[in-house]
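Protein chains in written order, with my numbering: chain A, 2 to 418; chain B, 828 to 1111.
In case anyone wonders, no lab produced these hints; they're calculated from the structure.
If you're wondering where the values come from, they're calculated on a predicted model, not measured in any experiment.
Possibly wrong hints are sitting among the right ones.
[What the hints assert, rightly or not] Below are the DSSO-like pairs computed for lysine-lysine, each with C-alpha atoms no more than 27 angstroms apart in a straight line: (1) K969/B <-> K62/A; (2) K31/A <-> K1023/B; (3) K103/A <-> K941/B; (4) K31/A <-> K941/B.
[Unchecked claim] If you want the footprint, here are the derived chain B segments under chain A, 3+ residues with CB under 8 angstroms: (5) 884-898; (6) 929-939; (7) 973-979; (8) 1002-1014; (9) 1018-1030; (10) 1042-1050.
[As the list claims (entries may be wrong)] Here are some, though not all, of the chain B residues that point toward chain A, as calculated from beta-carbon distances under 10 angstroms: (11) I846; (12) C851; (13) L860; (14) K909; (15) F912; (16) I913; (17) F917; (18) F965; (19) A982; (20) I1078.
For every residue, glycine included, the Cβ atom is placed at its ideal position computed from N, Cα and C.
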Amino acid sequence: MSSETRQILTTDGIPLEVSLKKAERKNKIKAFLLVAPLLLFLLITYIFPIGDMLLRSVDDKMVTEMLPKTFKSMEDWDGNEMPPEEVFEAFYLDFQKLVEEKRDGKLSTQLNYTKNGFKSILKKLRRKAKNFEEGNYKEQIMAVHKRWADVEYWRAIKRRAPAFTSSKYLKGMDMYKNEEGKIVSVKEDRRIHRVLWLRTLEIAFFVTLLCFLMAYPIAHLLATLPMKYSNLLMICVLLPFWTSLLVRTASWMILLQQQGVVNDFFVMIGLVADDNRPEMMYNKTGTYVAMTQILLPFMVLPLYSVMKTISPSLMRAGKSLGGTPFVTFWKVYFPLTIPGIGAGCLLVFILAIGYYITPALVGGASGTLISNQIAFHMKSTLDWSFASAMGLMLLAGVLAIYWIYNKLVGIDNIKLG
Amino acid sequence: MALPKYTEPHYRIWHYTYIFICTCVFFFLIAPLFVIFPLSFNAEEFLSFSEGMKNLDPDAFSLRWYKDMIYGTKNPWGLAAKNSFIIAIFATLGSVLLGTVAALGLSSRHMPYKGLIMATLISPMIVPLIISGVAIFFFMAKAGLAATHTGIILAHIILGTPFVVITVTATLSGFDHSVTRAASSLGSDPVNTFMKITLPLILPGVISGGLFAFVTSFDEVVVVLFLAGLENTTIPIQMWTGLREQLSPTILAVATCLIILSTLILVTAELLRRRSERLRGINR
């Protein structure tokens, strides 16, 4: 058989198999060339910059480059006793060079991050170093300030030798490397980041839950009503979906403020006293309410598109077999909607976990999320490497959720409206 | 939703509870948008209903905030609107062009590594915006495109293409490839086939993807906050600054205009979706 198939030739005298493979390859290349422009564009402007964030987040070359001779001479120093004369000489030379280039300020900031107290002794050293005599730098430097004679400070300098560091990631989880190189947590009252991570998860989880509880009944109603009514009601879902996020946030700011419509209503029905209006904005409540309303359409749409495909005869069959409406719903209808629930929850959870605008406007101090912290470090403290590290930690979380979802339900079930 | 006469009382109660819950949720969804309309006609400088408004006194309503929006001194809205439209239009064109071509390639059954490439192409939609913002900012700063229109347009193309890729691949999934083969067998070259046969058939998908891209760009604030300088201010940036600093009713006038715009977009998108379903032979 195989010899016969090999003999089938095309009109050009090339075996059919070869010719087919060639055509196949040509098609593959053609398809790939169509995708190539966008792929290339995204790789350059988007995927590589995310890689750049990774480099930035572990990058610690700044100090390494500022004190090259010092770190070279420190290689043989075990860190138990005071470093030898070469180290002092190398440090003196490096430092003089930095002073000439006016970069010693940066060094003192960086070293102060590692150990408090560097700022003042570096300033003092700069002043005194002008009058240093050649040779015996160890004694001259140690005489500047008693901390220069403290081996702890030299160890702190040595810790900055590696060009890469995990310290930004540790800081993101409120941990740091202590003097012995062990990873420990910061004091309990200074663990701000853990609080933020937990709050982000908590808010994303409850917003998803609230969205699910509210979206399920209305998606069901939309899917079961006759077309002419459901189209009308669908507008209530789609109009917020297409409306600017800032407009929707603005409307919540108007509604929830102390003299706002919701508070007016509460006063009118006598729920609260006029002089005791509750603060509903600039705290967690504001974040919850606004985010739930804003993300609700993202839950309704996938649920609706799944429910639309469920035939009503299934429910009738269940009932005719003796199931009460509740049992039929629970045993027949609900399991069929699980792909929609999965898609909706995934979408809402992932959108919620990275939310920035709404919490920043209505969240106040107690309702802000991890994204706000990232933006804060990007714009205010300019600690871009820390912002990168936090961003990548968030991204890792999001990708993990996607991966789990893909294993459980399959990513192809996501639809857009 | 009338119930049959034989319905037992407790199911009847349950049914009306269900309708009541649904009504509340619909109210929760749509009502916040409508609070903006009346307040944007407020004659006073407050963002709550004045006594006059509650009594429907005509003097309590005015168009002063709309006038302020258009003619106000040192007013940023004109520049912002111009920038927003320029950026959104170019970003939409770019996204539609790149996205449609890529979707054509992705829908080919010869496409190698389809899953991986699809994941890469739609990643800007999956990655939280704040992270995209940081990454794009790093790129634009290095490329010298920060605080330029070009930079913002490129950023919005990145964010807009996934929507075009998704909608166009969805349209192409119901596409009958025998019509393009028929065109080729009749002697049409690939470009001609695409322009005369494929494009008219997938056009609803392309346009609705374009609408998504337009809205994404027009409403985008996180990435623009990182990228924009004073010259590149957009409507969302102005709203963001306004909402953070002083809530002036002018913002509500702008918001009303934006709601009207989104209503128009919604209607267009819905008409397109129905047309597309009809063309693809999906009858519900």
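Right, here's what the structure says about each hint:
Restraint check: the Cα-Cα separation between K969/B and K62/A comes to about 19 angstroms, which is no more than 27 angstroms; the hinted pair holds. Distance hint between K31/A and K1023/B is fulfilled; the C-alpha atoms sit about 20 angstroms from each other, no more than 27 angstroms. A threshold of 27 angstroms between alpha carbons decides the hint, and for K103/A with K941/B the separation of about 53 angstroms lies outside it, so the pair is violated. For the suggested pair K31/A and K941/B, the alpha carbons sit about 14 angstroms apart, so the restraint of at most 27 angstroms is met.
With a threshold of 8 angstroms between beta carbons, the proposed coverage of the region 884-898 of chain B by chain A is violated, since 0 of its residues qualify and at least three are required. With a cut-off of 8 angstroms between beta carbons, the region 929-939 of chain B has 8 residues touching chain A; three or more are needed, and the interface restraint holds. Beta-carbon proximity to chain A at under 8 angstroms applies to 0 residues in the region 973-979 of chain B; the threshold of 3 is not reached and the given coverage is violated. Counting residues of the region 1002-1014 of chain B whose beta carbon lies closer than 8 angstroms to any beta carbon of chain A gives 0, which falls short of the minimum of three for the stated coverage.
Restraint check on the region 1018-1030 of chain B versus chain A: 0 residues with Cβ-Cβ distances below 8 angstroms, three needed, restraint violated. Counting residues of the region 1042-1050 of chain B whose C-beta lies closer than 8 angstroms to any C-beta of chain A gives 5; at least three are required, and the coverage claim holds. Hint on I846/B holds. Least Cβ distance to chain A is approximately 8 angstroms, under the 10 angstroms limit. Because the smallest distance between the Cβ of C851/B and any Cβ of chain A comes to about 9 angstroms, under 10 angstroms, the interface hint for this residue holds.
For L860/B, the interface hint holds, since its Cβ comes within 10 angstroms of a Cβ in chain A; the closest pair sits about 6 angstroms apart. About 17 angstroms separates the beta-carbon of K909/B from the nearest beta-carbon of chain A, more than 10 angstroms, and the hint is not met. Hint status for F912/B: violated, given a least beta-carbon distance of 14 angstroms to chain A, over 10 angstroms. A cut of 10 angstroms between beta carbons decides the hint on I913/B: the least distance to chain A is about 18 angstroms, and the hint is violated.
Interface hint status for F917/B: violated, as the beta-carbon distance to the closest one in chain A is roughly 14 angstroms, over 10 angstroms. Because the beta carbon of F965/B sits about 5 angstroms from the nearest beta carbon in chain A, less than 10 angstroms, this interface hint is met. Taking 10 angstroms as the C-beta cut-off, the interface hint given for A982/B holds, the closest approach to chain A being about 8 angstroms. Checking I1078/B against chain A: minimum C-beta separation of about 6 angstroms stays under 10 angstroms; hint holds.
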